[in-house]
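Below are the chains, spelled out letter by letter.
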Amino acid sequence: MPIQVSLDRALMQHLADLARLHVPTERQAVLRQRLECIVAAFSTLQDAEDGHVDAAKERQLELRDDLATPPLPLTTVLANAPQHAGGTFVVPRVIDA
Amino acid sequence: MTALWRLSAATIARGVAAGSFTASEVTAAHLARVHLLDASYSAFVETWDERALATAAAIDEDRAMGRPLGPLAGVPVACKDNLVLAGERTSAGSRLLAEFRSPYTATALARLQAAGAVLLGRTNMDEFGMGNTTETSAFGPTRNPFDPSLVPGGSTGGGAAAIAADFCPLAIGSDTGGSVRQPASLCGVMGLKPTYGRVSRSGLVAYASSLDCVGALARTAEDLALWLDVTAGLDAADPTSIAAERPATPQLTARKDLRGLRIGVPREMNGPGLDEEVLAVTRTAAQLARQLGAELVDCSLPAVAHAVATYYLIATAEAASNLARYDGVRFGQRREGHGRLEAMMTRTRSSGFGDEVQLRILLGTFALSYGYAEQFHGRAARMRARLCADFATAFANCDVLLSPTSPMPAFPLGSTHDDPLTLYLCDALTVPASLAGLPAMSQPFGSTHDGRPIGVQWTASHGRETLLLQITHVLQQHSEHHLRRALP
Chain A
1 MPIQVSLDRA LMQHLADLAR LHVPTERQAV LRQRLECIVA AFSTLQDAED GHVDAAKERQ
61 LELRDDLATP PLPLTTVLAN APQHAGGTFV VPRVIDA
Chain U
98 MTALWRLSAA TIARGVAAGS FTASEVTAAH LARVHLLDAS YSAFVETWDE RALATAAAID
158 EDRAMGRPLG PLAGVPVACK DNLVLAGERT SAGSRLLAEF RSPYTATALA RLQAAGAVLL
218 GRTNMDEFGM GNTTETSAFG PTRNPFDPSL VPGGSTGGGA AAIAADFCPL AIGSDTGGSV
278 RQPASLCGVM GLKPTYGRVS RSGLVAYASS LDCVGALART AEDLALWLDV TAGLDAADPT
338 SIAAERPATP QLTARKDLRG LRIGVPREMN GPGLDEEVLA VTRTAAQLAR QLGAELVDCS
398 LPAVAHAVAT YYLIATAEAA SNLARYDGVR FGQRREGHGR LEAMMTRTRS SGFGDEVQLR
458 ILLGTFALSY GYAEQFHGRA ARMRARLCAD FATAFANCDV LLSPTSPMPA FPLGSTHDDP
518 LTLYLCDALT VPASLAGLPA MSQPFGSTHD GRPIGVQWTA SHGRETLLLQ ITHVLQQHSE
578 HHLRRALP
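Chains as they are written, first to last, in this note's numbering: chain A, 1 to 97; chain U, 98 to 585.
If you're looking for bench data, these hints aren't it; they were derived computationally from the structure.
Glycine residues also receive a C-beta, built at the ideal position from the N, C-alpha and C atoms.
Careful, some of the hints might be misleading.
Claimed, not checked - Ranges of calculated distance between the beta carbons of each label pair, as one might list FRET restraints:
# : chain 1 : residue 1 : chain 2 : residue 2 : range
1 : A       : F89       : U       : A333      : 23 to 31 Å
2 : U       : D395      : A       : A68       : 36 to 44 Å
3 : A       : A41       : U       : S117      : 52 to 60 Å
To be verified - If we take Cβ atoms under 8 Å as the criterion, some of the chain A residues that face chain U in the derived model are:
# : residue
4 : R9
5 : L18
6 : A68
7 : L74
8 : R93
Bound conformation, chain A alone (with noise of 0.2 Å):
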């Protein structure tokens, strides 16, 4: 049977603070109804019958020489950076005083 899947306000409010997303009030209703609509269409997995098949086997992959080689210059690193100071990325405060 597929499972049935409410998205409720307290699911929609836990993803979006996993995913670090704000989801504006006007918009939260027809985002859950988006996302309600794929998730029922997607339970239809929960019918297909795998028991037998073994989805953790992977190819072998070639292991590459385990060499340390130059890394970017710190300036280039820290280019694309929006603040940055003495060579580290800026944040702001994560504690507080």
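Got chain A sorted already, so can you dock chain U onto it with the hints?
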């Protein structure tokens, strides 16, 4: 003499090497055409005129000095906006990366440069590859050169439109669930997605890492063979890359017909639910293949029925993880928020990502979240394994599979905005090969009653790109669908 912008990549490379025309003349002709016409289609986000003309001049100097030329010397190439080129902007169709300039060059582009290609500019795409109409781009939609009221497909819609409009003979794209093949079909050009890992992903902006492939669009199988030969192969910067096979170009003309070839026709990909004209075109391709000696074989891929759900659960889960890096700290746009780190990250992401990207991040977060991960992502992973097993069974009895590329031809811009599920179903025929990591090609093979192009899809087992190129090359010698032009 044929206009320089009408020539294939192979013809240009031969002509430059022989001195029939210069790389500078070829580059100038293509740039002039882009600047004359692209305002109506928006295939390009940006052209790199100065860089392109300087590259072309250097090639002309190499020739004048008698230095060896690469196999793509002087060939203008368009690059999808998600492959980084040192010093140039790469935005992946996103507001969030509008001003991002990469410190390094993607392996796929570096190998093209080493082969003498002239990189013309970056082409429009759905934001982070999430879409199949090119309408989710922050730069606005691209329009189909066959009819500007129609979508070009996506996410490599800019690249497909660039080939269809004769802006360049070769466009580099990426294909996660059909993003090279579907726009190729809707724009009446050829598109190749190689085996997963055949072309390095280093420098490709990640969408879904277990599915992402660098691919290419062109008018002829010969041009795609040239591209594959210079681009494929191991790369220390991509641990999933695999060794190149023998070069395809010298083997391209090994077949004069299709005798001895067994073509599987999967029931689930050639039946109900597909547009009637699309099915008719696919039957036309099958008939020509049979006339050329191939044997058609009925086959079945039962797990294809679940491919769209499987694909979207896996792809969005990987995207939710991959796109976590866009947090306003190391690169990209930043929006401050109430002085705190988390608030800044949330504000940056919410204002930087478009609606479709946010929807897919939420879907992927759901598919991986506690209480649902096993029921959704876990089952999708097992269904993917089952689909791989279905393909293995099919390829035990045939050499290649034939189906339409897209369930429907190009449709009007704006017609699917309110219905994401319908849009996802557009990928029903391309995601199976993506999930199994198989090489696949779209080849134009006809059109609807009102002139919209229709492509057919050829899928082979791992590593058999050369077979796909040989088949499509033979068919191009016996048909004229690839010669149809969108614009005079």
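Each hint, compared with the structure:
1. F89/A <-> A333/U: 23 to 31 Å: holds (27 Å)
2. D395/U <-> A68/A: 36 to 44 Å: violated (55 Å)
3. A41/A <-> S117/U: 52 to 60 Å: holds (55 Å)
4. R9: violated (14 Å)
5. L18: holds (5 Å)
6. A68: Since chain U brings no Cβ nearer than about 12 Å to A68/A, farther than 8 Å, the hint is violated.
7. L74: Since the shortest Cβ distance to chain U is 11 Å, the answer is violated.
8. R93: holds (7 Å)
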